[in-house]
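Asks: Residue numbers (the numbering used here), protein chains in the order written: chain A, 62 to 406; chain B, 62 to 406; chain C, 62 to 406; chain D, 62 to 406.
Please keep in mind that the hints were generated in silico from the structure rather than gathered at the bench.
Which copy is meant is left open, because identical chains are indistinguishable; a pair holds if it fits in one copy or across any two.
Lysine to any residue pairs mimicking SDA-like chemistry, simulated, CA-CA at most 20 Å apart:
#1 K188 / P368
#2 K121 / G345
#3 K79 / P104
#4 K155 / A139
#5 K121 / P262
#6 K121 / E264
#7 K188 / D367
#8 K188 / E159
#9 K121 / P135
4 protein chains.
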Amino acid sequence: MHTAVQPADAKNSAAPAKAIRVAVAGATGYTGQELLRILARHPAVTIAAATSSGTTAARKLPALGHIFRGEITPLDSAALAQDADLVFLALPDKAAAELAPMLVGAGVKVIDLSGAFRLRDQALRAKWYPETHTLPDGLAYGLTELERPAVESARMVANPGCYPTATLLALRPLVSAGLIASGSDIVVDAKSGVSGAGKTPSERTHFSEVHGSVSAYGVFGHRHGAEIEQGAGREVNFVPHLMPLDRGILSTIYVRVTPGTTEESIASVYERTYAGAPFIRVVGSALPEIKHVAHTNFCDIGWRVDPSGRAVVVSVIDNLLKGASGQAVQNMNVMLGLDQATGLL
Amino acid sequence: MHTAVQPADAKNSAAPAKAIRVAVAGATGYTGQELLRILARHPAVTIAAATSSGTTAARKLPALGHIFRGEITPLDSAALAQDADLVFLALPDKAAAELAPMLVGAGVKVIDLSGAFRLRDQALRAKWYPETHTLPDGLAYGLTELERPAVESARMVANPGCYPTATLLALRPLVSAGLIASGSDIVVDAKSGVSGAGKTPSERTHFSEVHGSVSAYGVFGHRHGAEIEQGAGREVNFVPHLMPLDRGILSTIYVRVTPGTTEESIASVYERTYAGAPFIRVVGSALPEIKHVAHTNFCDIGWRVDPSGRAVVVSVIDNLLKGASGQAVQNMNVMLGLDQATGLL
Amino acid sequence: MHTAVQPADAKNSAAPAKAIRVAVAGATGYTGQELLRILARHPAVTIAAATSSGTTAARKLPALGHIFRGEITPLDSAALAQDADLVFLALPDKAAAELAPMLVGAGVKVIDLSGAFRLRDQALRAKWYPETHTLPDGLAYGLTELERPAVESARMVANPGCYPTATLLALRPLVSAGLIASGSDIVVDAKSGVSGAGKTPSERTHFSEVHGSVSAYGVFGHRHGAEIEQGAGREVNFVPHLMPLDRGILSTIYVRVTPGTTEESIASVYERTYAGAPFIRVVGSALPEIKHVAHTNFCDIGWRVDPSGRAVVVSVIDNLLKGASGQAVQNMNVMLGLDQATGLL
Amino acid sequence: MHTAVQPADAKNSAAPAKAIRVAVAGATGYTGQELLRILARHPAVTIAAATSSGTTAARKLPALGHIFRGEITPLDSAALAQDADLVFLALPDKAAAELAPMLVGAGVKVIDLSGAFRLRDQALRAKWYPETHTLPDGLAYGLTELERPAVESARMVANPGCYPTATLLALRPLVSAGLIASGSDIVVDAKSGVSGAGKTPSERTHFSEVHGSVSAYGVFGHRHGAEIEQGAGREVNFVPHLMPLDRGILSTIYVRVTPGTTEESIASVYERTYAGAPFIRVVGSALPEIKHVAHTNFCDIGWRVDPSGRAVVVSVIDNLLKGASGQAVQNMNVMLGLDQATGLL
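Looking at chain A on its own, in the form it has when it is part of the complex:
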């Protein structure tokens, strides 16, 4: 018999192993497959359903052989509501916008990996996610380390975007601590691998277009910019770039800090904010690289400050894990009262 790993800080340590039924809606995309990979090994859950739009079948997931032994079935929202305690939505925005309220209404916990429910401001939402009409009660923004109380009691979590995750974990503690000079511009130059663009083929994701190239896109017009500004509470000049790699985001943040702010005072802020956070590695002046976090749920943060008060902060994540599926499971762990690292280290 298997005995479930029982993490140190678990609140319901008496829960029977594999007792919680979870489902993944949209299981054949890149984030869906990562969810299956993590959940199949998670000691506290059983995968009750894994769905797709129907044209993709189990044989399409050869990487998951001997890991996920279930079937991919067509999406059936009524069945999801009945068979699952918690549903991950790894769907396009529109599909998520429709399905999530129904599931929440049926008493099922929901973690939505789409963008549909991330923006609280209605005007912004109308601009970037017009398919979203209302926000369900009990909705939390799932930037786990910074929103833990809300996540603990949430009925639904809007899982943050990949760029906002990488950026806000580095930026918000500095804003909160008042270390950014009041008139300072905030420039966020973000570099992402291609998997962040999803699995649907397009000229933009064609290997021959990306290999050997780098490009900026979405200048002054990427919806993750609105999400970053919401999280930072400040205007941010966010420009994403597409890099020739599969997984990973590196976010370079340029600010001016308040007089007297040093590399050490920034270190204090991060260390205080992330004391005990298993997935945040505060690395200081040894700047982090994507390779250090690829295929993990870590976010590494480093920085430099020069005597004139300019600061450069660099953060890295794996966009499919900490930037999507890993953080989604981390949120699930928190919602269920488990150790947040269960199944993720």
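Given the coordinates of chain A, work out where chains B, C and D should sit on it, guided by the hints.
Replies: Just chains B, C and D, lined up with the frame of chain A:
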């Protein structure tokens, strides 16, 4: 005034510069763009037309700014026949199969980069290229170095496939010289970059599927296998593989050679076959690499023989140049009586 | 308190968690780091020591932050013999050849990831590994799935090379079942990522030399060829190729099979051989790709047979896991009587 | 007989073809090889010498077979001074700092691709290039498009760094036109391929360290930052990043523009500055990508402005061509009174 480079072996050295009008049908694909890049700098030709199916416009070719200054226009076969002395077809098989006979009938020279006219055997053609009904008179198979007399007098050239080019330039001299043991299997393990699959997006060419991966495909069922067997006159076990790079093919050929065959006797065969061939570099036991030929029209060939009579031959090309557009211009040069290297070195 | 995962087939299920002390000699190379990553999460072992040659320090392993919390110390063979129950050698051949017999003599179990002890034939060993003088008693060749009885009782395991692992798991069952035609050549065209060449910088591993390129090397002269022939009991024409990716090997095997052999009969052989093997995925005519196994301990095997009796078999592994550190831990599990998959799925 | 291409704006069009003797000191590095590739096809020059430090031989340049037919010889400064009219230095800073003054003193024109003579300010030079003692008379900074008069009359050219070339071609016209707001920070987030780090193997350029990764480096401490500030005449916050590709730089520039500045007014500035410049392609709001300029001497510049006065400018070059060897030949052409594009389009 510009004076055209007049190569040493040109037969019509009195021809006025830029006097020959050429057209590219299918100018926005990968091979079409390479054709434009070469032809725009070619001293003996003028680009009379560059066409596409219409949905792609000039702004889609940012890499060609300041190089090709013409317009991309919708395909108009009557105009092509009237305005061009020679037309390159960089089209899907079916479109090429329809257009080529009409152009040849109108007295226009044609160089077809599709597969539609490569196979001489009707049964094989019916299997692999059913859209091709008859072969025009004056058709040559444009493996330039080995078919030069036929190309010189051709009205139309079927430009070889990329895998057959890389493979046959290495293999056929050995067959012709009788160096391959009679009962020997011939195994061709070929590795290609992704641009060989064309520009149309698909799951198979998605960056995230190719990056960090290698795969075999088309085992016992790739039409280039038939083309290789046609060129070699022998059964060949050809297996192509997709590699995570943009451009280039490396073909590894495994044979048993006749008793007494040494690395030196193989060298003699290649050196005799390719004496004076500007684009074949016979490199011997220093095996060639794709990097040596990328962005060039070269084919490098190296080999090793062991005492028991096993031979391994390795050849490399850039699939878009020697394997497509470069060889097409080389064929044009030969058809026009120019130095075969004009515009290509 | 943590409770160790207790796998279903464990023989010493009463053993206290984390009771076994292991050490990694050579912990900062690519295979050494993978060992640390796996062992740090392994429920049955404690990392007693992780050593390096001294110039590399803990700060050199930023990817292992929050995973491996120990220190990297200089290699001290006496301390290893005293403090560890089992030592992994991730060292150069010469260092391993010297250290292994001493440790075995001291009663410590050894798993050697170098090549020093892989070849049983003394003449071959003298040629390829002249630094190895004698083979310790109790030495097993650790191709786990095919050598399990020997590994179970071994005092020391020579962990197979990456190319031999990928190749022999696919090839040996066919040889053992007598499916390969007697006169058939066996051609193994293997493609590897760069991490297989180790971490020491060289022109050959420079990014700019590898990116956008493919090359053959070691033709008729790679020591893994001897290891493959030892394992297959047949002459094999093995040619490795370097690919522009970090991790993974794809081995394409060309043979002629005996009359009557079909894809189905090959399936029977593999399924019988690997029934219950958690890390071998027999995928049949759906050929495997490196992407399916990267960052896992799986070996996927697929094949095709044509009517004339030619067979192409394709196998893939992650060279750092199933081809090195993953298989090493799998061997450790077997030596210790644990479920072979412990810590590896 | 060959007739040299005689460009339209050549000043010495009566010069005999191939009359100018050039030499490349440091011919086996990445920039040295690119120089040989260009110069071997250049209609106005003969390669009088190509030197290296001696341990690298002609066989090390397989990519240049059939292109460069000369020999690589050990560096002999006296011979260089005697046999060449113009010498390219593709050497380490220290070697260039020693050799350049001697050659200039001997009446040989010099184009130095090292950093040794780029900084005019002595204090900065003492900090970043302490091996440089004095600046020769007749020294020009070879940012061709912006420094043409100085280059025309120069006895020696300090060829700009790769990052400064990409950045200053985009930034300086805006500074000169007074479009950047006076208090605005200037942030330059630059992304480079690995060939910019040179050919010497190191852990940082190991394929497995770069593939699948992105990293920032040299924050507040890269000497190209000083060169950019010299060229811009403004403080610049420059952070370079290493990308997983071989060739190319993309520079993203963040500024605040003066009130009333629009995308159109920026267009006017660039079009006026670069009217007739063959290698600058002003692409406007269609942002450029590295793929568009790889393997060419082009610099493409695009930009966006938002209503609040934030501007993002993106420029791309091939670091080995426009960022090194291509620009060096462009400078040679200008020094010799040839069309600046000779041999480069």
